[in-house]
Amino acid sequence: MLDPAMSTVAENPIGIDDLESPLFIAWQITSLCNMRCHHCCEDSAHLMPNEMNRSRVLDLCRQIADMSIPYVAVSGGEPMLHPQFFDVCRFFRSQGIALKVETNGELVTEEATREMARLGLRSVQISVDGATAATHEQLRLKGRWQDAIDACRRLVAAGVRTEIVFVPTKFNIHETAAVIDLASSLGVYGIYTGKLMRIGRAAKNWQALCPSDAQYEEFFRVLRQKTHQYLGRMKVYYYPYDVIEELRVRVQSPSASLLVIPDGRVKLIGPLPFICGHLAKHSLREIWDRYRKAWRLPQVRDFVAQVLAEPSLVSRANDWIELY
Amino acid sequence: MKFTPNVKVRREKRGSVLFDTLREKVFVTNETGARIVEGIEAGLSPEALVAQLSAEYDQPAEVIEAEVRRFIESLRSNGIALTEET
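Top line first, the protein sequences correspond to chains A and B. According to the working numbering, the first sequence is numbered sequentially starting from 1. According to the working numbering, the second sequence is numbered sequentially starting from 1001.
The reader is advised that the hints may include incorrect statements.
[What the hints assert, rightly or not] Just the calculated beta-carbon pair ranges, DEER-fashion:
#, chain 1, residue 1, chain 2, residue 2, range
1, B, Pro1060, A, Asp302, 55 to 63 Å
2, B, Thr1004, A, Asn50, 36 to 44 Å
3, B, Ala1042, A, Asp59, 31 to 39 Å
4, A, Ser253, B, Thr1004, 25 to 33 Å
5, A, Ser312, B, Lys1002, 45 to 53 Å
6, B, Asn1078, A, Leu141, 42 to 50 Å
7, B, Ala1048, A, Leu119, 27 to 35 Å
[What the hints assert, rightly or not] Straight-line C-alpha distance at most 25 Å; calculated DSS-like pairs for lysine-lysine:
#, chain 1, residue 1, chain 2, residue 2
8, A, Lys281, A, Lys293
9, B, Lys1002, B, Lys1025
10, A, Lys235, B, Lys1025
11, A, Lys142, A, Lys204
12, B, Lys1013, A, Lys293
13, B, Lys1008, A, Lys235
14, B, Lys1025, B, Lys1008
15, B, Lys1013, B, Lys1025
16, A, Lys170, A, Lys204
The hints are simulated quantities; they were obtained by calculation from the structure and are not laboratory data. Here a beta-carbon is modelled for each residue, glycine too, at the ideal position from N, C-alpha and C.
Model the full structure from these sequences, guided by the hints.
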């Protein structure tokens, strides 16, 4: 008999071995992008060879639902360029799965906004990398700041929970406070930020982009102040650690999430190069088992130890290595 | 009584997981907590939950009632935000 005096609930980063399936899927649905951002952590621009076709995309959706995975984030590249973007959104919402869309906002038209509102997305995240068009467009080549701002306005007006993502670099970190104030004036739900990740195109441009320690010190001072200023009105969320610290934690306590890249391969985590499965060859359930085992492989643990000793190695995160 | 719209509940081998997808926070319960969570998901009132669990467990109803109320308060204080039905 169970002792009813033992019922508990507690916040707890549950161990992956105690879970039947992931709690979260980060799905980079395409590598195609209408921008060429200097700080892109995916090096997105063109289609990746062998990106999943419609049939495989919808099959993945079904597997996610069958495994009762409660939360999915769809990103890219620019996810709204994917021909099945709204099919995917509709499917997940029809299954009651919480869905976040990460977009540059250029394709968030009136019609798209109406559909997003109808679907009841968990949120739409729009990238805004400056308080002015000049700053934003210096980093986000081919991007238009006004389009991103207009997208925020449309989404907020339609009742879609809208979040802004701001990535600090040498070129825009001085506008951090102004971007947060702008976010508030737009009426968004929250703003997310954190240190630049040395992955993808950002790694190639690292010396030009990476803020100095002094700039980061001021950045976090501003974030603390703004968090207090907007308490109860707008969420100011920032991850205080860099990607190296993230790896230090994750190798001990892997998160219950899978990162699916556009061709159907599944990465252990963004900052590591390891592929633990391929949806062309394995079911998502098989990949979940492989993921859990992969974190214990000497090859993975040794590489993480090397990265912790020499952080520049994280720039090899997109030089993929197949495990097993 | 219900969970907030962004909380997703999933049964696991040793209890249940309550995932607040808006705050991106994960909460876990043990097996007994999972039984209460199931009752909440089924739309049972605290009174009905107590009656059901009293029938299942060899415990006095007042013990079960105190435990259910304590658990529900814990859910509330953790922001999993149960709201009272009228």
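Now for the hints, and whether the structure bears them out:
Here the CB-CB span from proline 1060 of chain B to aspartate 302 of chain A is close to 57 Å, well matched to the stated 55 to 63 Å. Separated by about 40 Å at the C-beta atoms, threonine 1004 of chain B and asparagine 50 of chain A satisfy the suggested range of 36 to 44 Å. Between alanine 1042 of chain B and aspartate 59 of chain A, the C-beta spacing of about 32 Å keeps the proposed range 31 to 39 Å intact. Taking 25 to 33 Å as the suggested C-beta distance range, the pair serine 253 of chain A and threonine 1004 of chain B conforms, at roughly 26 Å.
Taken as a hint, the range 45 to 53 Å holds for the pair serine 312 of chain A and lysine 1002 of chain B, whose Cβ atoms sit roughly 50 Å apart. Separation of asparagine 1078 of chain B from leucine 141 of chain A is about 44 Å and conforms to the stated range, judged on CB atoms against 42 to 50 Å. Range check, alanine 1048 of chain B to leucine 119 of chain A: about 34 Å between beta-carbon atoms, so the 27 to 35 Å window is met. With a CA separation close to 17 Å, the supplied pair lysine 281 of chain A and lysine 293 of chain A stays within the 25 Å bound.
A hinted pair counts as satisfied when its Cα atoms are at most 25 Å apart, and lysine 1002 of chain B with lysine 1025 of chain B qualifies at roughly 18 Å. Restraint check for lysine 235 of chain A and lysine 1025 of chain B: satisfied, since their Cα atoms lie roughly 15 Å apart, inside the 25 Å limit. A threshold of 25 Å between alpha carbons decides the hint, and for lysine 142 of chain A with lysine 204 of chain A the separation of about 19 Å falls inside it, so the pair holds. A distance of roughly 19 Å separates the Cα atoms of lysine 1013 of chain B and lysine 293 of chain A; the hinted pair therefore holds under the 25 Å criterion.
For the hint pairing lysine 1008 of chain B with lysine 235 of chain A, the CA-to-CA distance comes to about 21 Å; that is within 25 Å, so the pair holds. With a CA separation close to 11 Å, the supplied pair lysine 1025 of chain B and lysine 1008 of chain B stays within the 25 Å bound. Proximity of lysine 1013 of chain B to lysine 1025 of chain B is assessed by CA-CA distance (about 20 Å); at most 25 Å being required, the pair is judged to hold. At most 25 Å may separate the alpha-carbon atoms for a hinted pair to count; lysine 170 of chain A and lysine 204 of chain A meet this at roughly 15 Å.
Hint violations for this structure: none, all hints satisfied.
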